[in-house]
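Participant: What follows is each chain in one-letter form.
Number of protein chains: 2
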Amino acid sequence: MDKIQKYNTDVLTALLTKAGIRPSVQRMAILRLLAERLGHPTADEIYGALVDLYPTLSRTTVYNTLHLFSEKQIMRELETDGVKRYDLASLPPHAHFVCRCCGAVADIPLPAGLQAPGNVDFTVDSIELYYKGLCNKCKSSNSNL
Amino acid sequence: MDKIQKYNTDVLTALLTKAGIRPSVQRMAILRLLAERLGHPTADEIYGALVDLYPTLSRTTVYNTLHLFSEKQIMRELETDGVKRYDLASLPPHAHFVCRCCGAVADIPLPAGLQAPGNVDFTVDSIELYYKGLCNKCKSSNSNL
DNA sequence: ATCCATTTTTGAAATCATTACAAAATTAGG
DNA sequence: CCTAATTTTGTAATGATTTCAAAAATGGAT
Numbered sequence: 431m432d433k434i435q436k437y438n439t440d441v442l443t444a445l446l447t448k449a450g451i452r453p454s455v456q457r458m459a460i461l462r463l464l465a466e467r468l469g470h471p472t473a474d475e476i477y478g479a480l481v482d483l484y485p486t487l488s489r490t491t492v493y494n495t496l497h498l499f500s501e502k503q504i505m506r507e508l509e510t511d512g513v514k515r516y517d518l519a520s521l522p523p524h525a526h527f528v529c530r531c532c533g534a535v536a537d538i539p540l541p542a543g544l545q546a547p548g549n550v551d552f553t554v555d556s557i558e559l560y561y562k563g564l565c566n567k568c569k570s571s572n573s574n575l
Numbered sequence: 431m432d433k434i435q436k437y438n439t440d441v442l443t444a445l446l447t448k449a450g451i452r453p454s455v456q457r458m459a460i461l462r463l464l465a466e467r468l469g470h471p472t473a474d475e476i477y478g479a480l481v482d483l484y485p486t487l488s489r490t491t492v493y494n495t496l497h498l499f500s501e502k503q504i505m506r507e508l509e510t511d512g513v514k515r516y517d518l519a520s521l522p523p524h525a526h527f528v529c530r531c532c533g534a535v536a537d538i539p540l541p542a543g544l545q546a547p548g549n550v551d552f553t554v555d556s557i558e559l560y561y562k563g564l565c566n567k568c569k570s571s572n573s574n575l
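Protein chains in written order, with this note's numbering: chain E, 431 to 575; chain D, 431 to 575.
There's no promise every hint is true.
For lysine-lysine, the following DSBU-like pairs were computed, each having C-alpha atoms within a straight-line distance of at most 30 Å [what the hints assert, rightly or not]:
#1 Lys448/D - Lys514/E
#2 Lys562/D - Lys562/E
#3 Lys514/E - Lys569/E
#4 Lys502/E - Lys502/D
#5 Lys502/E - Lys562/D
#6 Lys562/E - Lys514/D
#7 Lys569/E - Lys448/D
#8 Lys502/D - Lys514/E
#9 Lys502/D - Lys567/E
#10 Lys448/D - Lys514/D
#11 Lys567/D - Lys514/E
#12 Lys569/E - Lys569/D
#13 Lys502/D - Lys567/D
#14 Lys567/D - Lys569/E
FYI, nobody ran anything at the bench for these hints, they're computed from the structure.
Please put together the full structure from these sequences, using the hints given.
Facilitator: As structure tokens, then:
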């Protein structure tokens with residue numbers, strides 16, 4: 431959750447409308463959060479970031495919306511450390527580095543030529559590539575490990 | 431959880447001993463289950479498969495053992511669908527296909543040349559590659575999706 | 001504008017996986 | 001066979017997510 435980029439409301443509204451999703455206040459707020467504050471937030475982090483602005487916001491709405499967005503390919507679900515994290519699907523495909531110690535998640539370019547295997551037993555609709563290990567911060571601060 | 435291959439007790443004992451793990455009855459049972467009935471069981475599936483044979487077995491022991499084994503690189507943790515699954519680390523590295531509908535997990539050969547990215551900001555100790563989609567069984571039975 | 005049907009949001013309770021913890025059981029070595 | 005260290009166990013706690021039904025908001029027709 432670092433870089434910030436302003437998005438036009440119309441662009442975000444269109445993104446939802448095109449997917450057949452009504453752009454309610456809550457849905458727009460969640461979409462805007464993901465679009466502007468890039469990062470890989472959990473449902474609870476999203477709730478925490480928005481509840482001050484929308485005091486009646488419910489965690490259930492956040493979960494509902496995240497499910498809806500994932501289903502409609504607006505967001506992608508990540509499984510990095512036992513908790514689900516969310517990433518904008520309109521971002522170019524990329525891999526993720528996950529720090530085993532602090533849980534930090536970083537975007538990594540996908541290796542060239544990575545594609546779904548040609549297998550007749552199933553149809554692949556998404557590829558998730560995780561590199562797990564230690565980030566430099568944890569490596570230097572924790573002399574152990 | 432399908433293929434079955436008999437393992438010599440000595441081989442499994444040595445695997446634990448070499449890692450500095452005492453081969454208790456419970457640990458051996460869990461290791462043997464993973465080694466013989468290849469598959470990608472969850473902690474609960476392991477518990478369920480063993481509790482008949484070891485009626486005093488505790489879920490906590492299963493979790494403890496799985497953590498110990500993962501730490502000592504005897505097993506690898508998979509995150510396929512919100513629940514942790516386990517895979518023998520002594521198997522050759524491979525990717526996994528995950529069915530979004532029934533949760534089936536299948537081993538897939540790793541694409542050639544996949545390796546940790548050369549980034550100075552972190553040290554990678556494992557690579558996890560998931561292909562997610564629908565297996566043929568779900569594709570044909572569920573006409574929807 | 002007002003009504004009605006539909007959709008969306010909400011909050012509380014339930015569920016599921018996992019962890020924490022302290023007591024009981026087991027084991028290894030002297 | 002005693003004692004200390006390790007391992008296992010069961011229960012309770014936690015945390016993330018889901019379920020569910022009621023309340024609120026919305027859109028379209030009148």
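Participant: Against each hint, give a clear statement of whether it holds in the structure.
Facilitator: Hints and how they fare:
Of the pairs offered as hints, the one joining lysine 448/D and lysine 514/E is violated, with about 35 Å between alpha carbons and a cut-off of 30 Å exceeded. Taken as a hint, the lysine 562/D and lysine 562/E pair is honoured in the structure, with Cα atoms around 19 Å apart against an allowance of 30 Å. Pair hint lysine 514/E plus lysine 569/E holds up; C-alpha atoms about 25 Å apart against a cutoff of 30 Å. For the proposed pair lysine 502/E and lysine 502/D, the alpha carbon gap of about 40 Å is over 30 Å, so the pair is violated.
Between lysine 502/E and lysine 562/D the CA atoms are separated by roughly 15 Å; this keeps the pair inside 30 Å, and the hint holds. The straight-line distance between the Cα atoms of lysine 562/E and lysine 514/D is roughly 15 Å, inside the 30 Å bound, and the hint therefore holds. About 26 Å separates the Cα atoms of lysine 569/E and lysine 448/D, which keeps this hinted pair within 30 Å; it holds. A threshold of 30 Å between alpha carbons decides the hint, and for lysine 502/D with lysine 514/E the separation of about 26 Å falls inside it, so the pair holds.
Of the pairs offered as hints, the one joining lysine 502/D and lysine 567/E holds, with about 23 Å between alpha carbons and a cut-off of 30 Å not exceeded. With a C-alpha separation of about 25 Å, the suggested pair lysine 448/D and lysine 514/D falls inside the 30 Å cut-off, and the hint holds. Between lysine 567/D and lysine 514/E, the direct Cα distance comes to roughly 27 Å. Compliance with the 30 Å bound is thereby established for this hinted pair. With a CA separation close to 45 Å, the supplied pair lysine 569/E and lysine 569/D exceeds the 30 Å bound.
Distance restraint check for lysine 502/D and lysine 567/D: the Cα-Cα separation of roughly 36 Å exceeds the 30 Å cut-off, and the hinted pair is therefore not satisfied. Restraint check for lysine 567/D and lysine 569/E: not satisfied, since their Cα atoms lie roughly 45 Å apart, outside the 30 Å limit.
Violation of the numbered hints given earlier is confined to hints 1, 4, 12, 13, 14; the remaining hints are satisfied by the structure.
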